[in-house]
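Novice: Using the sequences provided together with the hints, build the complete structure.
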Amino acid sequence: MSRLVAFAAIQGGYNIVSKVEGMYKKALETYNADTKVGFPNTAYYLPVIYSLLGLKVETLEDMKKPLDFARGLLPPHVKGSHHLPYLGPLLDAGMAALFAFEIREALRYLNEPDFYLHSEDIDQEAGKIWLGAADDTVFRKRGVEFVDGSAPGFAAIVGAAPSPEIAKLIVEEYQKRSLYIFLAANQNGTTVAEQLLEAGVQIGWNTRIVPFGPDISSAIFALGFANRATMAFGGIKPGDYKKVLLYNKNRIFAFVNALGDVNAEWAAAAAGCVNWGFPTIADTDIPEILPTGICTYEHVVANVKHEDMVQKSVEVRGLKVSVSKIDIPCAFGPAYEGERVRGADLFCQMGGGKTQATELVKLAQMNEIEDGKVEVIGPDIKDVKPGEAFPLGIYVQIAGRDFQVDFEPILERQIHHLINYIQGVMHIGQRDIAWIRVGKAAVDKGFSLKDIGVVLHAKFHQDFQKIVDKVQVTLYTKKADVEKLTKRARGEYKTRDERVEKMTDESVQTYYSCTLCQSFAPNHVCTVSPERTGLCGAYNWMDCKASFEINPTGPNQPIEKGECLDTVLGQWKGVNEFIFKASRGAVTHYNFYSMIKDPMTTCGCCEAIAATLPTCNGIMTVHRDYTGETPCGMKFTTLAGVMGGGASSPGFVGHSKFNVTQGKFLLGDGGLLRMVWMPKSLKEEIKDRIIKRGAALGCPNLYDMIADETVGITEEEIMPFLQKVGHPALSMPSLLG
Amino acid sequence: MAEEAKEKVVKVAKEKKLADPVAASIDLATQIMIKRAQELGIDTVFDRAENMKPCNIGIQGTCCKVCAMGPCRLPLTKSAGDGPDERKGLCGATANTIAARNFARMVAAGTSAHSDHGRTVAEVFLSVARKESHDYKIKDPLRLLQIAPCFDVATTVEVDGQTVDREIDEIALEVAEKAIAEWGKPEGTLSYLKRAPQPLQDKWKKHGVEPRAIDREVVDIMHRTTMGVDQDYKNIVKQCTRASLADGWGGAMMATDLQDVMFGRPTPIQSEVNLGIMKQDHVNILIHGHEPVLSEMIVAASQSKEMIDHAKSVGAKGIQLGGICCTGNEILQRHGVPPAGTFLQQELAIITGACDAMVVDVQCVFQNLANVAKCFHTKLITTHPMAKMEQENVIHIEFDEHHAMEDAKRIVRMAIDNFKNRGAEVMIPKIKSTQIAGFGVESIEYHLGGTFRGSYYTLNDNIINGRIRGLGAVVGCNNARTQHNNFHITLVKELIKNDVLVLTTGCAGIACGMHGMLTPETAGVYCGPGLKEVCETVGIPPVLHLGSCVDNTRILLAATEMIKAGGPWKDLCDIPAVGAAPEWMSEKAIAIGQYVVSSGIYTIFGGYLPIDGAPEFRNYLFNEIEKLYGGRWDVAETPIEMAQKMIAQIDKKRKELGIDKARDRVLMDMADRQKLEAM
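First to last, the sequence lines map onto chains U and D.
Adding 1404 to a residue's 1-based position in the first sequence gives its number in my numbering.
Adding 115 to a residue's 1-based position in the second sequence gives its number in my numbering.
Read the hints as simulated data drawn from the structure, not as lab findings.
A hint or two may mislead.
[To be verified] The calculated lysine-lysine pairs, modelled on DSBU-like cross-linking and capped at a C-alpha distance of 30 Å, are:
#1 U:Lys1977 with D:Lys790
#2 U:Lys1985 with D:Lys685
#3 D:Lys432 with U:Lys1483
#4 U:Lys1891 with U:Lys2096
#5 D:Lys300 with D:Lys254
#6 U:Lys1849 with U:Lys1883
Specialist: Here it is as C-alpha cells:
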C-alpha cells in the first residue's frame, strides 16, 4: 500500500517543483534578480530552507540554489511491482516539494504583497482572513508557550471538513487540549478557516486557530514556525538538518490532519512532514503507513472518523494532553485566553473604569473556610440587563498547611488567565484595575458569576495541590461590598509591594534555578535572584520559591548561592557549580550583573535584549514587540537569533522588562544610568519605574534622557541628543574597559 | 576430437550412479540441466556426489596428517562408551588437538582466500593511486574519505591557518600504502579494528586476540598447527579468532572497501538471475570466481561499441554477460549484470551449449569445468596467476592491472569469435527470476529515511517494537551433499514468516534471487505481519542481498551502525541477530563463521562441522567461547531445526534486552519532555 503513497507523492513532488520552477522563471522575467524576497519581519530568511540547508534566501536570485537542490532531490519514479525501495525517495520527494512550497510562498509575497494580512488577527470585514507567515514577534511570543508547555503542540489541518459543524467540533476539541491549530489548503475551494467563521468561531493567533493560507503551499508556514523554534530555542545551527529534524521529532509535538481527498501534492507535503516526525491522520481511505521509526509512532493513519480525529491524532503523535474538566457550562482552556469579547458580542461587564472590579487572594485558617464554597453576594448575571456594567469583588480565601502569605500574590495573578480561559469571557488587568467582559454566547450557555468561583476553586486545587487544601470564593457585586474589599485590598497590595521592593540579592542565601525551557533549550539554565527576575518575565524569585514548594522535583530548584566570587559582577560559587551541572557541562559560570563579562545565557524567550553601544559609551535594550531597527544595527529578532539557545554572548544579555528598573540591573557595567536607548513603547510602559529608579540613582530626569526611535536608530543619530541632554553615560568610565 | 571426448565420457558415466534431478535441486532450471547433462552423458557434481561419499573420519575432523608418522586416524566410534577418552596419535595428540588443528587450518585457508583477494584489490588500488594503471579510477571518492580516518590518513590540511580539503590523489596514495601495509606490517594491530563497537574492541584486547599483520596470523596458524607445537585446543582457538578477525575486520573488509572506492559502492538495482538469463542469440560470457578486478573491465569492454559491433558482425544480437559465484555478485551489485547461477550450477551453465566463454579467476572453480567445456565449444579462460588448470583445453590469459582493458577486450573478442562455433545442442532453460540486489551499509541507511532522516534508528525502532523480530544473516555456499538451494530457501522462508529480516550474501544470495525471495512483493506472500508491514513501508524485499562473501563485512558494519544509531544494544552481541551458513562447503565459510562468532554473534551451520570427533573441543566452540566474545557456534541438520534455533536465539536476546514484550505507547507530557536528554 505504501507503494501507492510513494508513487503519488513522488509524482506530486515533480509537479510541485516543476510548477514553482515555472513561477520562478516568470518572476525572473518580471523583476530584477537582486529584488528582495522573504517573509515579513523575520531574521530567519525562508526558515525551512535556512534551517535545513543553511541557505539564506534574500533576493530573487538566491532562490535558484534551493530550487535546484529540490530538483536534485527528486528521486526516480516508482515503477512496476519489482520496484526499488521507496521510503527514502518518498521522503526526499516530500522535502523537495516543501522547499518548492516555501519558494512559492515567498514569490506570492513578492507578487501579491497584500494577499496575506500581516497581523495576529484576521480582518473579516475586509475579507482578509489569511495571515501568512508568522513574523518573529508572534513566533517568539507564541514560542514561549510551546516552551513552557502551555501549548503542548500544534495540529496542522489541511483541506476542509464535510461541514462547518464538523470543522468546529474538531477544532474546539484541539482548543480544549490547548493545542495550536494551523490551517492551510482547501478542498474544492472550501477551507476550514471559512467553515469556522461560518460556524461563528473566532480565528486568529489569539484563539490559537491560525489561518495560514488557502493553498497547500501555505502549510509550509507551520514548518517554518517549528524550525525557527529549533534554531531560536534549541540553539541548533542552520544547516544542521539532522538535528533540526530530530529536535522537531522529539520536542515539537505537531501532526497533520488531512481533511478530504488527498491528491498527489498533498501526498508529497505529507511525506515531507514525515521528515519532521509529524505524522498525517486523514479522514479518507488513503494507504496507511504504520511502522514506526521516522515518526515516533505511525506515519500515516487513514479513515479516522471525525469524532475520533482529535483523540487519534494526539495518540499517534505520542502526546499526552489533559482536558480541564471543570463543571461550568462553557468550554475552558488556554486556547480561549486570547479570545476577545467585542462590542457587538458583549452582554455585560465589570470594571474597566466603568465600575470598580477588584481581586484579592488571602490566606485563611483551615477551620475558617469551607472548601468549594462559592458565594455570590448581590445580583448575578441573570439579574442584569444586556449591556449593563456592575461592580465586582473577587475574594479568594485559601487555607493549606504549606500555604504562605508570600504565595498570595502568585495565586492572585493566576486569576487573570484562569478567567480568560473561560470561553466567551474576557479578563483584562489585575488587582484593583481588573476588567471582565462577558459575551452573549457565554450567557446563552448559562454562564453565571458563580462559575468564576468554580473555576478558581478547581484550578487552584489542580495547579497548586501541594500547597492548597481549601479554597473558598466570594463574589461581591454590591457597590458597598466591593468598595470595602477594594480598600482592604489596596492596603494588602501596598504591604506586598514594599516587602518585594525591600528584598535584595544580599538578603537571601538561596536563589532559584529555572530549567523550564530545557524542553526546548537543552543547555540553558536561568538563575533567578530577587533582583534579577527570570528573563522571560514570567518568573520572579518568589514565583520560583513557590514553584519549588509546589513541585520539589520540578524545574525550579533552590541554589545555595555560596561564596561570592565577584560582588560587582555578581558571581557565586554555588551558582556556578549548579549551572555547570544543569547545563550538562555547556556553561561553567556566568555573571548576574554584567553583559560585558560572561553574561547569563538565554533560551531565546527573553522579553528584552540589551546590547552595548560603544560609541555612546552606553547600552540599549529592545523588547520583542518592537520590530524596527535599533542603534546596535540589529532588530530584536536578529539579536535573539544571535544569542538564543543557551549561549553566553558577551556584549548582549537577555532580560525581563521588569528587570530594567531593578536595583542590580547590569550594575557591574554601570547600571541603568548606562541606558541610552529604548523603544518608545517600552519606555512608556515602565515610565514610572524608570523615573523612580533614575531618581534613586541621582538622576531624576533619566527618563527624558533616554533616546528612542523618534530620536534615531543609529548611534550617530542619537549621539547629538545624548550630548544635548547631558546623558550620564557619556561621563562614565569606558564601557568596554 | 570433441566427438571422441564425448564418447569417452558417456562410456565412463554408464558404470556410475546418476543423480535424481528432483532430489538434487529444488530449482527447476537446475533439474532440467542435470537431466540434460545425463542425456548427453556428461557427469556433474550432482552425479559425483552419488558416487563418492565423504570420508567418515575426515568428517569428524580427527584425521591428523601433519607429520609422516601418520596420518593418524582417531574416529569417535559409537562403541567408545562413557569412559575416559584415551584416543591419541603417535605423538600423543588428542582428538581435541587434532580437530582443533584441522579447524584452525581451515580458518587459515579461508582467511588467506579473502585476504589475498583483498591484497589483489589493494595492489590494484595502489597502482591507481600511483597513476600506473589508467583503466581504473577512483569512482567513489566519498567512500575513500570515509575509510581514510580508519588508516589515520588526514582528509584535510592546514593552509595558512585554514583547514581545507586535502587533494584526493594524495589521500588515495596514503590510504593505498597504509592499506597494503596491513598484510605485512611488522608491528601494531590492524587499523580497521577501531571500526568495531568499543565494548567489542575491549573484549578483543582483554583476550589478546587483536590481529597483527594479516599474513602473520595465517603463518602463525600454519606454524602452531604443525607437528608438535600448540597442543592446547583453547589456545589454538584463540589464534583462530585472531586470524579470522584479520579476515573479517581486515582483509575481507578492505577488499569490500577498496572495491567500492574503485568500482563504486552498490545501490539497490533491479536485475535477473538463473540460467535463463543466457540468450541464444547473444554472445554469452560467464564470469566466475571472486575477484571483481578483471570482471569490472570485462563489463566495461562488453558494453563498448567496438565489442557490440563486433558481436553483431558475427551474427549475434549483442553480448550477454552473466555471473557465477561471487564475481557474479560483485558485478550484479554494481552493474546489474545478472548471475547465471550459484556455485553448483557452474557446470550446467556450460552444458547449455550457449556459453561462448567462461572466464574464471579464483576460488570455488571446479576443475571439472575443463572436462565439461571439452564437450562444447566453450572457451574456458583462467586469468589468475595462482589459478591454472592442468587440462590442455584451458586457455590462460593472465590478467595484469596495467593493461586491464586490453586483457578484457582480448577475452571478450575471443568469446565473440567463438560464437560461430556453437553446436546445435544449445538448450537454455527458460527460467529466470527478477531480483532487487545491491544493498549496502549506506544504501540501507538512506532507504530507512532518505537524505534527511536516513538512519539505522528506523530499523532499530522496528526491532524494538517487535515488527521485526531480529536479523538473520543467511550466507555462504552450496553443497552437493544437500539438496541444492533447499536449505537456504526453506530456512529463509521460515525466518521471514517469523518476522526475521534476512540479510544475504554469496551463493545464498543468488539462491534467494533464483527463488524469488529478493523481490518486494515476496513480503506480502511469505512474511509475518510485522516484517511485511516494514517491507511495504520501505519498499524492500524481506531478504536483502548485500553482495559477495567478502561483503559479509558489510553486515558487520551495518550492525555496528545499528549500535551507533541508538538503541538498547551497546555491542554486537546484544543485538537480536544471528548468522547462518546452511549449505556451507568452503574453508572460507569456517573463517567467516569464526570471525562472526568472535564478533559476538551466534552462528549456525547446516549439516555438520568437522569437529564431531572431539566432543570437548566441540563443546568449547558451541558453548564456552560465548563467555569470551558473546557469540558461539552451532549446527542444525534441517532448515526447520535451524530456523527454530535461530529464532530461539533471537528471542533470548530480545528477552535480555527487555524488548520481548509488546511496547506500550508512551504519551509524553511536558514533564516527560523536560527530562529529554540534550542532543
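Novice: Evaluate each hint against the coordinates.
Specialist: Here's how the hints hold up against the structure:
| no. | hint | result |
| --- | --- | --- |
| 1 | U:Lys1977 with D:Lys790 | 26 Å, holds |
| 2 | U:Lys1985 with D:Lys685 | 26 Å, holds |
| 3 | D:Lys432 with U:Lys1483 | 27 Å, holds |
| 4 | U:Lys1891 with U:Lys2096 | 25 Å, holds |
| 5 | D:Lys300 with D:Lys254 | 28 Å, holds |
| 6 | U:Lys1849 with U:Lys1883 | 27 Å, holds |
Comparing the model with each numbered hint stated earlier shows that all of them hold.
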